[in-house]
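Protein chains in written order, with the working numbering: chain A, 155 to 307; chain B, 6 to 364.
FYI, nobody ran anything at the bench for these hints, they're computed from the structure.
One thing to keep in mind: the hints can contain errors.
Computed Cβ-Cβ distance ranges for the label pairs, DEER-style [as the list claims (entries may be wrong)]:
no., chain 1, residue 1, chain 2, residue 2, range
1, B, 184, A, 241, 27 to 35 Å
2, B, 338, A, 176, 34 to 42 Å
3, B, 80, A, 229, 22 to 30 Å
4, B, 301, A, 176, 58 to 66 Å
5, A, 159, B, 29, 50 to 58 Å
It should be emphasised that the depicted structure is a prediction, and the values quoted were computed from it without experimental measurement.
Yeah, the Cβ is synthetic: ideal placement off N, Cα and C, and Gly gets one too.
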Amino acid sequence: MSKKQSQTNSIAKTKRDFLKYIFGGGIIALISSVLYPIFSYLKPPKQREVEVKNVKVGKLSEIENDSGQIIRFGNKPVIVVRTSSGDVRAFAATCTHLDCTVQFKKELGVIWCACHNGKYDLNGRNISGPPPKPLDEFRVIIKNEEVFVSKKI
Amino acid sequence: MKKYFKNIYSWIDERVELEEVVKFMGKKYVPVHSHTIWYYFGGVSLFLFIIQVFTGILLLLYYKAGEELAFESIQFIMSKVQFGWLIRSIHSWAANLFILALFIHMFSVYFEKSYRKPREITWLTGMLMLFIAFAFGFSGYLLPWNELAFFATKVGTDIAGVVPFIGDSIMIFLRGGEDVTGATLTRFFGFHVAILPGIFTLILAIHLLLVQRQGMSEPMGYENTKIAERKTMPFFPNFILRDLLLWLIVLNVLAILAVFFPWELGRKADAFASAPAGIQPEWYFLFMFQTLKYIPPQILFIDGEVFGIMMFAVAGGVWMMVPFWDRKSSRGEANRLVNYIGLFAILYIIVFTIIGWLV
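Starting from the given sequences, assemble the full structure and let the hints guide the process.
Have a look at this one:
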């Protein structure tokens, strides 16, 4: 009698366990099948960037000595500076500190970021303020008096 | 006429038992003492929040989110829509006064140690609302899509990217991509008008429910004053009427500010322009912004900015947890350390805000 009872008990127990796992697993499956699409939805899809090889800046004669300008390089800003000695150089215009766009500061002869007073020399090296890294350099090609900027290989 | 109102009242009363609510309100008393004035700033914050909801809904009727639409639609609101300038200026000014009122409310609660047992949850919900208010300010700042907002958002979201391990994912989630673009604007708009108000309202309800349930906090050592000397005033109508009078004053201050100092719109954001000289975040982020300027690029082995942001995160966490480490106040003992920390925080915020303003 008692043996039979304990047998039915253990059957009931495994039955209950079975239901518990089915039920618990079902809830977990439900939650994850709701959350997964939501989290995937929140992640913005990767958009293909247009591959830009090089960008024409303009005629060399039109770029003044001791000046700087921002040009579009694909969807990134690039700063093109011409030193007082006439060299043309190009760097990524995105400050390595917190992503602001830098500018050429004529009075100081540096590349300057207005957001947190970061300064780079005209070789793109971070010389003062919070920037942790130098600006990425771009290649400047001068062909038939035309200035082009391209990615450094 | 009076009879009709009475009939309507008893009709509702029969169904939802209003009698008890009225009884509860009638029994609620507000302690009167030399620090009673600080009780009003929670109410002022609430009022400013209500104004934000109303003016925000009004702005929604004309605002268009989008890279090519946002700036132009605010221009339209400011110049073409009747009283558009007023609604938008009030929304901007009230946002700033709201943060200010929250600061005053928070510091008064802090120095009164009203967070002590049993009001820990009230303090926590209040702090959460302050953080959400910052998120409101930050997301709303971008919506006009002007130059200042564009770079403020770049810097702010880049700071989120500094968080170890998950920083990049957070940044991409906030920006809706690698860079701050129209996708960011759409997201911030969603946060600002749907997600944040929803969460805020829920927490606000808990906060207010707790204040009603537990009653007003009394100053430290108040239980030592003789019962005969303890003065109170009824919450309804005495305190409510004083509250309403103050709300009226705040409304007037808002109107004066909005009329005489209408909010500027600035120049439209351009992803290919340099950050303008003199760029600054809103004043309530200024002390943190200014600190970041002084931190060198490297401290020990970590990036200066990472270090600075971690410091602020830790300080904010410690501040928020004050009911749990300040055990003395809960026991009714004086805790000088809490006061010194509070004074340091106020001085730090004021000094760095002024420096940020001047430099």
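Which of the numbered hints are not met once you compare them with the structure shown?
The structure conflicts with hint 2 only, although it agrees with all the remaining ones.
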